Amino acid sequence: MKSEMTALPEILRNPAVIDGPISPGALDDQVLAHVYRKPQTVWFIAFVFSSLCMLLGFSMIGYTFYIGIGAWGNNIPVAWAFDIINFVFWVGIGHAGTLISAILLLFRARWRNAISRFAEAMTIFAVMCAGIFPLIHVGRPWLAFWLTPYPNQRGVWPNFRSPLMWDVFAVSTYFSVSLLFWYLGLVPDFASLRDRTVGKIRRAIYSLLSIGWRGSSSHWLHYEKAYVIIAGLATGLVLSVHSVVSFDFAVSLVPGWHMTIFPPYFVCGAIFAGFAMVVLVLVLTRSVMGLENLITRYHLDVMNRVILACSCLMGYAYVMEGFTAWYSMNESIHHTFRQYIFGSYWWTGWLTITCNVLIPQLLWSRRLRQKYSVMIFVAIGVTVGMWFERFVIIVSSLHQDYLPSAWHIYKPTIVDFGILLGSFGLFFTLVLLFARVLPVIATTEMKAVIPGAQPGHGGGAHA
Amino acid sequence: MNAKGTRILETGTVVGLLGIVTTLVVFGRERFWVNWVVWLLFVLTAGLGCFFIVALEHLVGARWSVPLRRVPERLSSLVIVMAPAVLLGLLSLPHLYPWTKPESLQDPVVAGKAVWLNIPFFAVRAVLCVGLWLIAYRILVSGSFRQDREKDPRFNVRARRFSPVFMVIFALTITVLAFDWISSLEPTWYSDIFGVYLFAGTFLAGLSATTLALVYLMNRGKLQEVTPDHVYSLGGFLFAFTVFWSYIAFAQYLLMWYANLPEEVVWYQERLQGMWGPLVLILALFHFFLPFFILIPRDAKSDPKRLCVVAVLMLVSHWLDLYWMIFPAVGKSPLFGWPELSFALLFICGGLLWVRHAMTFGADMPVGDPLLQEGLEFHL
Amino acid sequence: MHKPAFSILGLFDSAQALMDAIPIVKCGMPAATIETYTPYPIHGIEKVLGRRRSPIAGMVLVMGVIGALAGLGFELWTSGWDYPLTTFGKPPWSWQAFVPIMFEVTVLFACFTAGLGMLFLLNRLPMFRHPMLRSKSMPHITRDKFALAVEAEGQPVDVDAITAVLKGVGAISVEVIEQPAPSGPISPNFVLRAFGAIVVSCAVAAGLTYWAIKLFPVSAPMSHMLDQPRLDPQREEGFFKDDFGMRLPVAGTVARGYLPYTIKNQDDAASLTNPLPGTASVMQQGRQLFNTYCSPCHGLLGNGQPTLTAAYGAKPANLVSQTIRDYPDGKIYHTIMAGKNAMPGYPAELTQDERWAVVHYVRALQRSQNAKDLDIPKEIK
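So the protein lines, in turn, are chains A, B and C.
Numbering of the first sequence is given in my numbering, commencing with residue 1 and proceeding in unit increments.
Numbering of the second sequence is given in my numbering, commencing with residue 464 and proceeding in unit increments.
Numbering of the third sequence is given in my numbering, commencing with residue 844 and proceeding in unit increments.
Bound conformation, chain A alone (with noise of 0.2 Å):
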């Protein structure tokens, strides 16, 4: 059987999940360290700089508050800009870590236990700094409790047949289900933590977060079975999360908005655009922290993949919107449109097209695949392409539509990009502060996946 194995040609043999042998006691070790031990000094530089655009955002938001939207761009009839583009790149970027560690978990595939912990907790960071938006940019935020439907003395209930009020319950949905589905994954690796400790804080602090984890079979039992439920139930947050987003515009009548496509078109750009963020984020981490034998570069492999896949169906996607801008007929569509590639926000539409179709082309190769610069290029490119693409969506399609009266071009201010400049400064302070934190690795799963740790499988056939 392994001679048969070695005789595959290259391209058909998966590596191992797990570069080179490990012991379960040594992988351990070398993922836990890292919560124990002061963090190098690039983490601190990377920290400082993050923190400071994450508060100059937050400082921005405080302008916001004091003087009003009037601080940023938005006018009529662009009334949605920066807020909502960074809104829906946000939720997008999310969806990478919940198709990864629930998707793949009913997929068996094996390799996404090295991988789910962070893409998780990146999922849980993105929302996070998704949901400040549709918050800051209300007129006045401090009454966002009013989107909740709760008895008032006004006698009123929220509108539920909004797609602004499908999005509220979406989101809070999608944020609570995967914090609730990452921490069920924690609990076993906080028991790990509790029975390594030392210190009697820390240890009583473990012990509160795993709730008296003891590994009984029939802990296992209910906890794998509720587990791949969840994993299940999140599958379809997936789709229908940023479904209900892409809704927000899809049931207008905006030309250039009213397109049925876009649910599935949505879903594949977020995850799309958060495939690329999680490549991003892991090329640097597995270097730093010295985790390139967990998360290999088999890993970096078949994300890639991903990339180049989503980015085809982008291109579909794009070929399709255009084809049926045109054969609609419909003149306020065609000149939406032609606003996309010939308009005053020409060069976003070109931006666009390129970064998120043609650049990740280049991963077509393997050769191009496996360095590292291609991989960081294509991923930034991706992210920038894809807040682009919402920014065409948004205010290519806003600042010309049916009235020529109402056409007006749209101008960002400074506190507009300040504050998505602090959405990126949270989103990694966040991250930094989880990877000093937390085990990034879910060492429980990793280490049911080891070769041997399994009775009676041995090495044999996954997915």
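Keep in mind that the hints are not guaranteed to be accurate.
[Claimed, not checked] Covered, in the sense of this in silico footprint (three residues per stretch, anywhere, with C-beta under 8 Å from a C-beta of chain A), are these stretches of chain C:
#1 875-885
#2 923-932
#3 949-956
#4 1076-1089
#5 1174-1183
[Said to hold, decoys possible] Which residues of chain A face chain C? A few of them, derived with a C-beta cut under 8 Å, are:
#6 Ile22
#7 Trp157
#8 Asn159
#9 Ala170
#10 Leu184
#11 Ser192
#12 Asp195
#13 Gly199
#14 Ile201
#15 Ile211
#16 Ser217
#17 His219
#18 Ala226
#19 Phe247
[Claimed, not checked] Here are the simulated PhoX-like cross-link-like pairs (lysine-lysine), alpha carbons at most 25 Å apart as the crow flies:
#20 A:Lys200 - C:Lys1010
#21 C:Lys1010 - C:Lys979
#22 C:Lys890 - A:Lys225
#23 C:Lys890 - C:Lys869
#24 C:Lys1107 - C:Lys1183
#25 A:Lys200 - A:Lys38
It should be emphasised that the hints constitute simulated quantities derived from the structure, not laboratory data.
Fair warning: this is a prediction, and the values are worked out from it, not measured in the lab.
All residues carry an ideal CB built from backbone N, CA and C; glycine is no exception.
The hints should help you fit chains B and C onto chain A, whose structure is shown.
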């Protein structure tokens, strides 16, 4: 299959053939061609769905599906069988499609599209689709049969390299199929998710056909090494894509209902009025509710009996879906009479006869595939 | 030797060793309760231990269905029954628009049932006092060892025999875990502290709620829409010199429908003529206005005998007397407009047309109080 079964199918095919000829003579061209198009698309998409399954397996390098792969490979030969039917179907254009009539050009919307919706270009697209499918079949499926004898692992490499190209071909051709043959029946209507919608139905049809064929072979004592774990994975896909189809169908409906644009809503209005309404409820029941709730339990996904029930439901509802999308173009009420019956006899019996024949293509498992052993050892 | 113990734990080096040991131990001690502790889930161990399936799937299905019905039901009730509103032209019972939220609520209910149900109900976590957590073996278990425990839960068991069995199947070490001492009744100190904690948290919560509802919304910047630079009624405003926010209309402001009336005395008004025709509707209007404005002093019959005379001393004119009958219309009009003696004028209460209608009615009254035989209809005679 025993001789008695074969004779029933042969009789059914002959009766069906005679039936469709009488349909043409008695009921008229429109009724003939609308049935032709519905059944053509049904069998074609079932074959294309199986073709897609094969290509997907090569694309992701899945191991669990290798022992099963021969089943969808054999079923994808339905695409070859339907190729002449597609070309014959081009004769339906003047009778079914409004944009072929010169007076339709008075509507500026249709006139603007005439550069796309004209008979020569339509025919070119159809021929291109068929041609690309035939080429892909030769590379992916014939190559797999050849590998049984030659045991050459280079086929896997070729298939792995070709499968992304096939995916592009598949995406574009299924979109062309949907836009040209179904949505152009009402040329002023458009929906850019339509290609994805037909894809969802196609994939499900392919999965269902594969499931039925697989269980049929297993009941006949073949494919003994296929374990419940393999069947569970297939059942999982069936379950997941039931949800996917429902999501796409509902998304299209919700968006058109919500925006309430006259040029879009009219398509749904025609398909919800009168007796079409109850039909839609049956469609929702068969395509989503029943399969979903039947397949929720973990055991159900590896139980061949329940999977067969769901697969049959899925194929019936895929036909109902096509019927519901296409027939309102020819009448305000659902038509069901001798024409529909005879076409059903012809295509079902004829299709099953071909499938029975296809089950003799190659070995029951891709014995030349170096990944087969890993696939047989698969466990959850 | 028999000794009460919680459990006797044997540690194994690999999952395979554990799996092989379980059937042997079960054979040797059929009555014993066996539990395993592993750093990760072992495939197939539930079957070997004879555990039943987890009921969680059923719980999730039930709660998911409840979530779907609750979500959809709530939306339909609020938007279709409690306060039906037609928004975006959609009818109140528009189920299509309610599907997305229904789906999300279903997933929410199902996921939390799975997660929290598993933790709280099925695994009975959090549980911080389990004897295993303080055992010497636990750190090994969470790291890389696999444990098979023969659980006694306080009953006396033959410790040595069990230890021998475990060592016999390949355990690298055996640990006896003591039954923990039963916890005593809750101490009064604890009760006091708990009560204090509840009181403090209620006070804090109350304070926070008060701040959130009463103080926070009216502090800057939340109050920016309330404190607007505008003039409010009945408030001191420094904008004008006299500190009044409410101002009189500018001099020369004229009300709508105003017509100038320059006649100063009754005799000059004699030349005015009634521009209105004496139609039934004018008479009706005149009657209604007379009854409203004139009858309190002049009486309903216009004879100067209202109900008020005794009350305030003035003597209103008898409008149906010969004197007033001899007045030209203009003089009556002028009296209504400008007043006479104690009677005020009615320039603001009545429009010009209304006053002329009243004049018509006064004439009718005069005729009615001085009727002739001819005025009586034939039917009544």
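Hint-by-hint comparison with the structure:
1. 875-885: holds (count 8)
2. 923-932: Satisfied; 5 residues make the cut.
3. 949-956: holds (count 5)
4. 1076-1089: violated (count 0)
5. 1174-1183: Answer violated; 0 residues pass the 8 Å Cβ test.
6. Ile22: 11 Å, violated
7. Trp157: Given a least distance of 4 Å, the restraint on Trp157 (chain A) holds.
8. Asn159: Check passed: Cβ of Asn159 (chain A) comes within 6 Å of chain C, closer than 8 Å.
9. Ala170: 5 Å, holds
10. Leu184: 6 Å, holds
11. Ser192: Since chain C brings a Cβ to about 4 Å from Ser192 (chain A), closer than 8 Å, the hint holds.
12. Asp195: 4 Å, holds
13. Gly199: Gly199 (chain A) check fails; min Cβ-Cβ to chain C is 15 Å, beyond 8 Å.
14. Ile201: Result: violated, 16 Å to nearest chain C Cβ.
15. Ile211: 4 Å, holds
16. Ser217: Holds, about 5 Å.
17. His219: 5 Å, holds
18. Ala226: 4 Å, holds
19. Phe247: 7 Å, holds
20. A:Lys200 - C:Lys1010: Status violated; Cα separation ~34 Å.
21. C:Lys1010 - C:Lys979: Holds. Lys1010 (chain C) to Lys979 (chain C) sits at ~17 Å (cutoff 25 Å).
22. C:Lys890 - A:Lys225: Distance of about 15 Å is within 25 Å: holds.
23. C:Lys890 - C:Lys869: It holds: about 13 Å lies between the C-alpha atoms, which stays within 25 Å.
24. C:Lys1107 - C:Lys1183: Measuring from Cα to Cα gives roughly 12 Å; hence the hint holds.
25. A:Lys200 - A:Lys38: Holds. Lys200 (chain A) to Lys38 (chain A) sits at ~18 Å (cutoff 25 Å).
The structure fails to meet hints 4, 5, 6, 13, 14 and 20 from the earlier list, while all remaining hints are met.
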